[in-house]
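Chain residues, written in single-letter form:
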Amino acid sequence: MTHPIEAFAARLRTTLAQTTETLELGGRWPEAIPLEGLIAIMLVLLAAVSVALIAVVPIVLVLMERKISAYFQDRLGPTRVGPWGVLVTLADGIKLLFKEDLIPPQADKMLFRLAPYVVFGSSFAVVAVLPPFRSTVIGNLQLGLFIYLAVSSLVVLGIIMAGWSSNSKYSLFGALRGAAQMVSYEIPLGLAALMIVMTAGTLNMQHLVMDQVGGIHRWYMFRNPFLFIGAGIYFISSIAEVNRTPFDLPEAESEIVAGFHTEYSGLRFAYFFLAEYANVFVVSGICVALFMGGWSSPIPGFQALPGIVWFVGKVLVLVFVMMWIRWTVPRVRVDQLMAVCWKYLLPISFVNIVGTGVVVLLEREGWGAELPIGIGHMMWIAVPVVLLVLGLLAFSGTAPVRPRPTTVGR
Amino acid sequence: MSLVLFYGFVGLALTSALIVVTTRNIVHAAFALMVTLFSVAAFYVFLDADFLAVIQLLVYVGGILVLVLFGVMMTSGSLLVKLRAPVRQLAPAAAIGVVLLGLLLHVSIGESPWDQFVLVENPDGSAAAAIQGSASERPSLASLATASVRPRLSIAYASTRAQGEGPADRLLEQEVATALIGAGIQRMYVVQSRPDTLNPTRHVVLVEKRVTSLVDDHAEADISDEELASVREAVAGRPVDGFAPAEVSRPEMLLVTGADEKARVALIGDLGLREVTDVRTVVGLGDSVMLGEFLLPFEVVGALLLVALIGAAVVSRKELEA
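Protein chains in written order, with my numbering: chain Y, 1 to 410; chain B, 1 to 322.
Just chain B, same shape as in the assembly:
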């Protein structure tokens, strides 16, 4: 169903964007832009980026677009202007379009750090902190150590492009472990969940290892069979011989790797945890990514938008005189 919705919004966004550039009525263009921006907000929702979606609505649809419309109506002379694009503008427009498309394709097809955010939240939802590991700068993490709140029982969800047992996954786990230890978290259980081969609707939960010390090169501490079983059962929510779930010390940290959406839901349900907000977006917005790695593209896009805005003002002014 979500796929149908997604393609619905894709169609909506493309159609309305087409209307924005082809319509001759400036107000129609503005309202079509509303639909486009709204669809983009919907895309953010599909990307699990609720926060960004709301920001999109608040800033672009509720703020900027209203200002644009307000401006258009205040200068009521331009209301009846029939917009037209002179042919001589076609070449530069096409050039800019191709460049922008190339940039977008580069970001979306190339390896991006956006996939590797890990999120951590307290079960009562009181605070969230997040770690982000990017492909290019592996060891530097926006570390949990700076977070003011320490998660106790949490689920971290690592979404990596290379899911499973790949080296990238391993590396990410270690990074997470590093950051967690920096945050004063001593015990972490890495839980791997993958579909049961016999019954694909169920997921097998594997408790792999426990990290007790960060200091000595992310050493994996030994874990006894009993302890492993107890944690496994705590995760599965069922009592085992000699270990009632209540007795099992709850893990301070769970890292769920390679889990798909359903498995995550099931795990959280089994543990009686609250939902885990996807802080990926918050992180991405917040500090490091936008103003760190992507500072240059960010600035370039900003400058481009400014030029486009001034250009639009100039173009519409000429139309008025004509």
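One chain only, chain Y, in its complex shape:
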């Protein structure tokens, strides 16, 4: 298996050797370093960096959520700890660390202990595929997007584990809802990602982003209307995947206390909490990489800012939208949740895939090459026109269907 990291390690060793030679430090030690050892060290360093990053991210996001929710509700939010209350999540974290770690006596102890790690681990593992900046090492996995889809589907196992092992009805309900919801919404999510794969012809996140470099019009989201709808579907499904309002049924606090993590306390609860916000960050990051140009600058020709600034900026915008939705929209019912997925998102996804396929085919055949704008951008005009005509044809001459009055108390 030849990963870029191996080539990178080989180059690093060569550079080291050259430097020692130039500086006349003596000795041939760099060449004696085994390549595997070097790779291992680099991997550990990378892992440490990403774990550190991902530990910081939830702290920032939690503060963001608390402040945003406060402003949405005309409150001030946390103000006491640190300037403007910025240290409040740190204080919360320390509080959680020192809380008693309760395990219900009726719980299945081993699975109860294990569940937070499964959720936490699989949420954090997918950080590996994120492309935060232009790099030959980070996020440059041939199967990046695929790995994300696979590993993120492990979260649901952790949720089931937590819900079942707690031996509480609320937890079990939460777990069942979580499993049904996440398994369902994985499908439109995967189909939306598939549209991108069709257009780009790669699963490598770095390659996906590189294909979008050059300004906002290069973003897959704006390439053609199908991908735009795909971006919407992806975003809705990813909100459902991370169990946030309006799809927070697995942890609906007004119905089933706290859902699958009702019985958890202390550090184990903190793991779920961290994983939720890490998940929010990751799904937004994937969405940015897939549809919104990743680390590339949206302004054509403007290259002054480093890629990571754009990446984090775009991710934070998406995270803000998620929080905006959370504090604005009420929770849906279970049947509504399933209806949204199976009756709306899924059929629309299928139509979208056909549409994307047509655009990809036409582009490959060289259609619209002589036009000033690409065939995909032409679709922005064509698709609404077609829809309008179809709509007119379908509804012309038919009387509006009056909804049948419902009888109450039958």
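Worth flagging that the hints you see were computed from the coordinates, not collected in a lab.
Using N, Cα and C, we set each Cβ at its ideal position, and we do this for glycine too.
Misleading hints may appear alongside valid ones.
[To be verified] No more than 20 Å apart at the CA atoms, straight line, and that leaves these computed lysine to any residue pairs for SDA-like:
# : chain 1 : residue 1 : chain 2 : residue 2
1 : Y       : K109      : B       : A32
2 : Y       : K109      : B       : I26
3 : Y       : K169      : B       : G71
4 : Y       : K99       : Y       : S265
5 : Y       : K67       : Y       : V312
6 : Y       : K109      : B       : I19
[Said to hold, decoys possible] Listed next, the stretches of chain Y that the computed footprint assigns to chain B, with coverage defined by at least 3 CB atoms under 8 Å from CB atoms of chain B:
# : region
7 : 144 to 150
8 : 158 to 167
9 : 173 to 182
Chain B: place on chain Y using the hints.
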């Protein structure tokens, strides 16, 4: 380090598999199965089969296992059932186990075609095509000619059981050459890399021959000394007298034979190529192998799994009534 990891996963897989069959709690069995399936995915990674590993996670761990758990919890009555295996089931179970073990041993010890995949990819990673030569049907290759993308500068890595100068190796090279010419590739350099006898950490790269024509029986075209030197230096990444690497026409195709992992990395690094994805797995999954040569075992295993599934349903149903 990878060896330690490997045996770690072996231990994990075996222990969890043991738990699956010995535990009396159906949910414990399901979660232990999760660990087993995860370890199997890890094995695929060790086999350089990343794609298969991800498929394993996506389909088995993320899909089927979740459905199993979901089903178990929906039928909540069975949650508290204590599973037990009646003694009368021992004999058929042992028989099936022995048969399956025999099948596995036959596949893993006997000669398998899985070792002889050759992979080809464009340096920009844009497309991959692969050729597969199997021991039993030598001349028929899932030919590159059908691939929609033609590799320009690529490295093919032939992993054969008989590495080195053996006749099997030769034959494979010729097959690869055939397929490449079918793909419209005119020039191929066969590069052999083997450890330097004086300094084992380095690898000697030998440019052996160039194939220009497929048509006349895989004839090896003549190659002048200068050309040989230039290609050799292009591979080594160093300029030689009269031939700067830039001037050297890059080979359209490199076939690296007998190279071990490190040598492959070094070669790719020297040439400034991107990584070569191991498409072996993609090929194996894709077309020929699974649905060609192994169609019968594949179907048999499928039928067995179906029977096992129905059997499991029947068995658990009986337990419920009892």
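Outcome of the hint check:
{"no.": "1", "hint": "K109(Y) with A32(B)", "in the structure": "15 Å, holds"}
{"no.": "2", "hint": "K109(Y) with I26(B)", "in the structure": "16 Å, holds"}
{"no.": "3", "hint": "K169(Y) with G71(B)", "in the structure": "17 Å, holds"}
{"no.": "4", "hint": "K99(Y) with S265(Y)", "in the structure": "7 Å, holds"}
{"no.": "5", "hint": "K67(Y) with V312(Y)", "in the structure": "19 Å, holds"}
{"no.": "6", "hint": "K109(Y) with I19(B)", "in the structure": "16 Å, holds"}
{"no.": "7", "hint": "144 to 150", "in the structure": "holds (count 4)"}
{"no.": "8", "hint": "158 to 167", "in the structure": "holds (count 3)"}
{"no.": "9", "hint": "173 to 182", "in the structure": "holds (count 4)"}
Violated hints are absent here; each numbered hint is respected by the structure.
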